[in-house]
Structures are given as C-alpha cells and as structure tokens.
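Peer 1: Chains as they are written, first to last, in the working numbering: chain A, 4 to 292; chain B, 2 to 365; chain C, 16 to 301.
By construction, these hints were calculated from the structure, which means they are not laboratory data. Just so you know, not all the hints are guaranteed correct.
Said to hold, decoys possible - One side of the interface only, derived from the structure: several residues of chain A facing chain B at Cβ under 7 Å:
no., residue
1, I19
2, R20
3, E23
4, S160
The beta carbon of each residue, even a glycine, is placed where N, CA and C say it ideally should be.
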Amino acid sequence: MPEASALAAALPAGNIRARESVRSAWERRSFGAAMKLLAGLSALLLLAPTVVVLITSFTSGFSLKFPPPGYSTRWYQALWNDSPELIDALLLSLKVAAIACSVSTVLALAAAMALARRREAWARAIEALFLSPLMLPTLALGLALLMLFNLAGTGLSFWTLVAGHVAITAPYVFRTTAASLVQMDPALLESARSLGAGPLFAFRTVTLPLVFRGLAAGAFIGFMYSFDNVAVSLFLSDARSEALPIRMWHIIESNLDVRAAALSGVLIAGTLVLMLVMERVAGISRHLK
Amino acid sequence: MNPSSSSGLPVRLAGVQHRYGDSVAVADVDLLVQAGELVALLGPSGCGKTTLLRIVAGLLRQTHGQVHIGDRVVDDLPTPQRGVGIVFQNYALFPHMDVRANVGYGLRARGEASDRIDDTVDRMLDLVQMRKFAHRRPRELSGGQQQRVALARTLAVQPRVLLLDEPFAALDKNLRLDMQIEIRRIQRELGITTLLVTHDQEEAMSMADRIAVMNAGRVEQFDRPEAVYDWPGTRFVAGFIGTANLLPGRLRRAGTGFTLTCDAGGSLALAAAAPCSRDGAAMLSVRPEHLAFGAAGGSGPQATVSMVVPLGPQLVYELTLADGSTVKVTVPRHGEDARVQAGERVALRLRDGAPAAVFLPEVA
Amino acid sequence: MSGAAVPGQRRGGLLLALPLGIFFAVFVVVPLLLLVAVSLYADADMTRFGFDQYLRFFGDDFNRGVLLQTLWLGVKVTALSLVLGFPLAYAYMLAPPRWQSILMLLIVLPLLTSAVVRTFAWVVILGRQGIINESLLALGWIAEPMRLLYTPGAMVIAVAQIELPLMALPVITALMNIDPNLRQASLALGAGHWRTLFQVTLPLAVPGLLAGSLLVFASSVSAFVTQTLVGGGQHMLMPFYMYQQAIQANNYPFAAAIAVTLLVAVMAVVMLINLVGRRAKGFVHA
Numbered sequence: 004m005p006e007a008s009a010l011a012a013a014l015p016a017g018n019i020r021a022r023e024s025v026r027s028a029w030e031r032r033s034f035g036a037a038m039k040l041l042a043g044l045s046a047l048l049l050l051a052p053t054v055v056v057l058i059t060s061f062t063s064g065f066s067l068k069f070p071p072p073g074y075s076t077r078w079y080q081a082l083w084n085d086s087p088e089l090i091d092a093l094l095l096s097l098k099v100a101a102i103a104c105s106v107s108t109v110l111a112l113a114a115a116m117a118l119a120r121r122r123e124a125w126a127r128a129i130e131a132l133f134l135s136p137l138m139l140p141t142l143a144l145g146l147a148l149l150m151l152f153n154l155a156g157t158g159l160s161f162w163t164l165v166a167g168h169v170a171i172t173a174p175y176v177f178r179t180t181a182a183s184l185v186q187m188d189p190a191l192l193e194s195a196r197s198l199g200a201g202p203l204f205a206f207r208t209v210t211l212p213l214v215f216r217g218l219a220a221g222a223f224i225g226f227m228y229s230f231d232n233v234a235v236s237l238f239l240s241d242a243r244s245e246a247l248p249i250r251m252w253h254i255i256e257s258n259l260d261v262r263a264a265a266l267s268g269v270l271i272a273g274t275l276v277l278m279l280v281m282e283r284v285a286g287i288s289r290h291l292k
Numbered sequence: 002m003n004p005s006s007s008s009g010l011p012v013r014l015a016g017v018q019h020r021y022g023d024s025v026a027v028a029d030v031d032l033l034v035q036a037g038e039l040v041a042l043l044g045p046s047g048c049g050k051t052t053l054l055r056i057v058a059g060l061l062r063q064t065h066g067q068v069h070i071g072d073r074v075v076d077d078l079p080t081p082q083r084g085v086g087i088v089f090q091n092y093a094l095f096p097h098m099d100v101r102a103n104v105g106y107g108l109r110a111r112g113e114a115s116d117r118i119d120d121t122v123d124r125m126l127d128l129v130q131m132r133k134f135a136h137r138r139p140r141e142l143s144g145g146q147q148q149r150v151a152l153a154r155t156l157a158v159q160p161r162v163l164l165l166d167e168p169f170a171a172l173d174k175n176l177r178l179d180m181q182i183e184i185r186r187i188q189r190e191l192g193i194t195t196l197l198v199t200h201d202q203e204e205a206m207s208m209a210d211r212i213a214v215m216n217a218g219r220v221e222q223f224d225r226p227e228a229v230y231d232w233p234g235t236r237f238v239a240g241f242i243g244t245a246n247l248l249p250g251r252l253r254r255a256g257t258g259f260t261l262t263c264d265a266g267g268s269l270a271l272a273a274a275a276p277c278s279r280d281g282a283a284m285l286s287v288r289p290e291h292l293a294f295g296a297a298g299g300s301g302p303q304a305t306v307s308m309v310v311p312l313g314p315q316l317v318y319e320l321t322l323a324d325g326s327t328v329k330v331t332v333p334r335h336g337e338d339a340r341v342q343a344g345e346r347v348a349l350r351l352r353d354g355a356p357a358a359v360f361l362p363e364v365a
Numbered sequence: 016m017s018g019a020a021v022p023g024q025r026r027g028g029l030l031l032a033l034p035l036g037i038f039f040a041v042f043v044v045v046p047l048l049l050l051v052a053v054s055l056y057a058d059a060d061m062t063r064f065g066f067d068q069y070l071r072f073f074g075d076d077f078n079r080g081v082l083l084q085t086l087w088l089g090v091k092v093t094a095l096s097l098v099l100g101f102p103l104a105y106a107y108m109l110a111p112p113r114w115q116s117i118l119m120l121l122i123v124l125p126l127l128t129s130a131v132v133r134t135f136a137w138v139v140i141l142g143r144q145g146i147i148n149e150s151l152l153a154l155g156w157i158a159e160p161m162r163l164l165y166t167p168g169a170m171v172i173a174v175a176q177i178e179l180p181l182m183a184l185p186v187i188t189a190l191m192n193i194d195p196n197l198r199q200a201s202l203a204l205g206a207g208h209w210r211t212l213f214q215v216t217l218p219l220a221v222p223g224l225l226a227g228s229l230l231v232f233a234s235s236v237s238a239f240v241t242q243t244l245v246g247g248g249q250h251m252l253m254p255f256y257m258y259q260q261a262i263q264a265n266n267y268p269f270a271a272a273i274a275v276t277l278l279v280a281v282m283a284v285v286m287l288i289n290l291v292g293r294r295a296k297g298f299v300h301a
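My request is simple: use the sequences and hints to build the entire structure.
Peer 2: Next comes the structure, spelled out in structure tokens:
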C-alpha cells in the first residue's frame, strides 16, 4: 500500500528486534519443564506396571525375575493346558458379569427413565441411593450380603453372587444412562407424542436410539467392573465357585505363581481389545468423566 | 492517569502471513496504525481479523512477516512483554475473584505496592463508572458491566496498544451504542492506540479513525470511514459496506469527466472514475442514496418503478431497468423530490457531486 | 413413558423405578441394616445385644491404630495422586488431539482392569527379583536385594498408581471446562505461568480436584488386594481385618462392627469433602 511506506518513512527507523527478558524466558521454560516432567512421570507410572507384567508373562524361567532370563510362551501354555481351576474361575466370572450386567441394564434403564429429569428432592435422594455403591466401600456391602444370605438360610451360590454383582453394576449403568437422558432434548419426545406415537413406540424409536450410547457405555463399564470385582466376590464366592480375581489373588499370595503373569497378559489384552471396540461404538471415555 | 503518560505507540504489520497447514488465515498484510489511532479490522467471519489481532497480541506466532510496536520488532516477545492489553469477546473475567481483585490482577502480578494498586483500581473503576460494584463477582454483573470491568482491568496495566476482539457482540443494541461511545471517549482521553475487531460495519464506521476492510485474509482497503463508504476500493468493499447498485457498461473519458454507457441502456455522467479509469468495459458501483431520477426520456438509463417502501425517514424505491436488472434508490421521505408511484417510467441520474466507484467488470 | 418431567403427571413413569428400588431395598438397604444389627451383638455367638463390639474396637489401642492407619493411608494416597494426577490432567488439557487420545487410553485402561492384575504388576516390580532390585544390583548401588514389598512407602505408591485414573478423569473434566481465555488473559496482564497456575487455573479446577480426592480416598481405603499383597500382614488395615474376622475367625459381630466403622468413617470424609466442595463451587461459576 502506498500509504504504509510513506508513513513508515516518517517514523524513526527502528528494526531493533526486542528480546524476551531473561526472567520471562526462564519462568516460561521452568514451568514447561516442570509440568512435562511430572506429567511424563505420571504417564510412565501408569504405563510401566502393565508393560512389566506383559514382559514377565513371557519369561522362560520359573520366577518373577525381571528382566526375564529368556523368553517363551510356556506360561500361556500352562494357563491353557494345566489350569482347569483358573479357566473355571474365568468362565464363572464371565457368566456372572454377563448375567449381572444384563439384569442391571434393564433395571437401571427403567429407573433412569423414571428419575433422570425429575427435580423433586425425593427423586434426588433415590438417585443418590442408586449411586451410593460408587462411593462407599463395597467391601462392607459384600460382608453384609454374606450375612444376609447366611441368615436367610440360602447360603452362597451362583445366584447370590449374581445378586451382589447386580447391586454394584447397576450404579454404573444408571449413571451413564441418566446422563444421556438429561442431555436428550425433551422436545423430541413431546413432538413424537403430538404426532401420535404411543409410549412404547416413542420409547423404541426415539428414546432408545438416543440413549443407546450412554447405555452401552454404562453396561460395558459395569461388565468390566463385575468381572474385575474383588470386594463383593471376596465374601460371596464359596470355595467351589470362586470368581477369577479371588482365585488369582490366592495363587499370587500363596506361591507367586507365574501363571498369574500369563493370566494378567490375557486379561490386559482382552480388556484392551474390548475397550477399543467400545470406544468406537459408544465413546466410553466420555462417560467415565 | 495522565493522557500523556500513556500515549499509545504506533503498530506496524509488515508482510504478515499466517497459514494453518494448507489454509491461509492471513495473507500478506501490511498495515500501519498511528499512535493514538483507533483502527477497526472489519470483515465477515473467517476473514482473518481475529487471527491478526491475536498475532499482534502475541497469542499466536505468525508464519511470516513482522510485527512492530513502537520502534521495536516484537515477534520474539511473549504477550506480557509486548505492552498490549486485550479485551476478549467473552470478557474472560476471573469468576472466582471480585471486581476489585480482577481489575487489580495485572498490577498484583507485576508486584506493585498494595496502596498503589488500590489507588489505580479506584481510578480505573471511576473511569468506567463501576466503583459501586467493586465487591461484586462477575456472575452478578450484566454483560455491559462485565465489559466495563474487563476494560478497566486491561487499562490498569497501562498498555500502549489496546486490542478489542468483538467487544460488543454480546450486548443488546441500545447498550451497544452507549458502550461504543464510552470506549471511544476513554480511548481518546488516554490517547491509546487501539485495534478493534468487528463484523458490524456500523460499529466500524462510527468508532474508527480508519477502517481496514478484510476479506479472505487480505486487507482490501485501509482508509477513513467516509472514504471507504464513498470510494470503495474493490468490489468486495463496495458490497460489504452499505448497499451498492452494480451497473455494467462501457467507460469513456469525456472532457474533464467520464461517461458510462450502461448495458441496460442510457448513460451516466461521472465527475471521476476510481479505481478503474481506463476506457473500456467497466462496472459502476453507486449507493442508493446517490442516485436520483427524473422524468422519462433523456440520456439516463430508463427504468420503471416496481416498488415503493417507506422505511423510517426514507423512501426506498426498487426500479427495473430495460434489461430486467433492478436498482435501489433511496430518497428522504420529506425531501423535495416528488413522490413517484409504482408503475411510472423514469430516467436515472447520479446526484450532483455524488461519489460512485468504477471497477473492472466481473470476470466470468 | 416419556422422560419429560412434568410435575404431578407421571405416576406411571415412577413405577419404572420400582424394580431397581425393590432390588436395592432387598440387596443393599436390608443387608446394610442387618450389618448394623449384627454389629450390635455383644458376643461372637450372637446371643445377646450390646455395644460391646464398638467398645472393644475403640477401647483397644491396636484396633484404633488399624482405623487410623487405614485413614492415614487414604490421606497419603490422595495427596500423592493429587501431585501426580494434576500435571497429567494439565498435560492432557494442553495436548493436541492425537496425544489426548493416547493419554485417555492410558488412563482408562487401568480402570477397566482388575485390581488384582494391577497389584500383581507391583509385586513383580517390587519383588526381590523385580525390576527395581535387579537394576540397583546391576548398577552396583546395593549388594543384595532390598525388601521393597511389605513396606508402607511401597504400599502408598502402589495404591496411588492404581487410583491415579480416578483422580485424573475428574480433574481433566474440570480443566477442560475452564474458559481458555482466562489463562490467556492472565498471561496478557503480565502474570507469569506459575502465578497463572496458582491464582487462576488451580482455584477453578478445585471442583475436579475435590471430586477426584473423594473417589481416590474412598477407593484407596478399601483397596483390599493391594493392601494385602503389597502391604503384607505387617500392617493390619481395616479391609483385611474385616475379612479376617469374618472368614477366618468367624466372629461376625466384630467383623460387622469393623465394617460399620469403616463405612461411617468413609461417609464422614465424603460429606466433609462435599461440604468443602459446595463452598468452593460458589467461586467457580462466572
């Protein structure tokens, strides 16, 4: 622009490149360095144990020595071939988790629909009740259930274990489903109803598709939580049918069994795969926040 | 605060470019803002005006070019060291501090003595007339009040350059006018160089000493508001600022002036032709209020009045030319022009002394 | 069956909450009440009532020590996870999207894995033949393997690492909700990065920090597996004590008393943190 150069000529010629003050640069850099260091340390701390276990699972030795003396898949083979008790426990945990998760989903979906958008104090209170297992030591609940079943004379069984697991997975499903419902525009259902949709039809065609992701995320988290659970399974597993985490705890505690490493490897890999799939399908990371 | 002690510094942008990967946000901008001047960066969204503001602020590092503040090149300086003050579009007041604490924040950060801080905060609050609200929290204030606090906070640290990012966007219309006058007054009083980003042309026209009209990362015209309005430098500016009637035709020099022979028939006499003044095909851009019409016949383009709409103090006429194109003409409702009915035939002419811009014709 | 809450209208809708309500009544409320009731038996054979269990618990140095040690563990773990979790969340906030996905994966995966697996990893790391001992031996810094397992320090670190995701997630949410202009405004006004962190970012992240603290505290206090595998029998903590009394010693009333005490203690801390949170929330909203 002709203007700029004419006026530039009128200014004192200044092309002095101003430098950032030492204090400012030091401050900025030290902050960046400190944050990165701590964050890196945290990330490492999160990652390292998993990596260590995975490497150890391929050891050719008989102990948990790290680094391993050599590598082999013997422990995975031992897991597959020589560990009927572990496989049984694994299957049991899967069954319990699947059934508990399914029951929870139905119950929690219904409850979330009834309560999610109400403002009354009693609705909040009931919600708090349904969410309470998330915050309180479920160990106490496990013990309490043990006492209940003993007192009621039913003793422990597969179904008592399932009952306990429903109690602790329902909150997860409830939480994510309620959150999805709250985010759903109420005008959508109102339009559907005004267009003549009956309650069931509106539910099936409007509500369900919209809360599906939240529901699926909650169900998945609930499933994993049940599968991994120690607190309730600790008290409700009987000697014959122990949940996998409990059995695994026993073999580690008693003789540092290296099969636990292989088992861990399998579980980590399985969880990782499921997680990546579910992230695609339902975006679970959003719902964990 | 003495006006002289905080007089602003000139700001110069030299060949500034900014790319995001393949897309160009700012393309080769050269701008010189005088000390104490208020320049509006005006343009549609996505034209790069906010990006440019952030570059001057130091919140963004441009990919090419230099930013000069005063006589120094400031590209290596982080924001706090550039002597700029920014007011964000959403004010960015610290929600967990009251008004006093917000306004005094910059001073506390610079380690000023607490009694000096109190003094300055008081003066700033008086300047923006928010003294009564000193102990309120941002969420207890209205939009206009929050903006004034944000301004006070920024001015408290005596910046040499003030940067405003669409500051009035969130206010309703009546408040907007008041705030515009307010900020203009303060800016003039302090003599602080100011860059104002806006997409509202009326705002730019009323507040700025000069307007930089931007489009797709380029500055299309940088001039005083009247010049931008009367003599738009490009077709974009002609269309963006106010309304413009576009009449294609052939330009010919005629004595001391020019004649445009319209494609739609008839011809118009022009005193000047800018930016395009060579003989040949051209496009005339003329504002509705700069046209007039008289009885049918004569040398001007012949037209038929298709609609008459009273709009406040004006009458807006829509006319159809011989080739079917339409032209808008506005006339004061209580002026001496005779009222014309729809369906009447008239001849167009340029009002005496009215400006009109001439551009190269559209490339098909 | 619509979800819209029109006051007074949805009697039928409320019925939907009944199944879960009944289930919770039977399998959560009743057992917990039973727990309290059982804890009020004066003797292990459950013949007469009394507060004996609680008197026994609080009257004994050892028992009180167990409770305090457990709560103290919770505090230490919460503190450590705050120090580690905040920078991680901060880094997430500033990271480009690609890195954010990776970080999120890193944070979420542990949450979905069993505590047993994660604790086992620490057993491997801290064991006599684990990576720490082996590296130190190889470097020549020690002559023979140190005992790292079964130390209180190791337990704190292990539990903190395991609970770290529970702290990171709420803090990430809180940080992401802070208007980014606030940080830039603070920097533009002349505040350095450290001042901006302490005066602007941290105060506004407090709700997330509190939510994370709450979750970490409650979880670490009940971390049965980690406490027993890494802590060992040296330091008795409430979870194992409860288990031991119920399953091994068959003393249900005492076990119940321990359970109730643990519940009440955790609930008290939760309410305390919520109270602090309510006051802090007042500042945050703009």
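Peer 1: All the hints need checking, so say for each whether the structure fits it.
Peer 2: Cross-check of the supplied hints:
| no. | hint | in the structure |
| --- | --- | --- |
| 1 | I19 | 5 Å, holds |
| 2 | R20 | 5 Å, holds |
| 3 | E23 | 5 Å, holds |
| 4 | S160 | 54 Å, violated |
Checked against the numbered hints given earlier, this structure breaks only hint 4.
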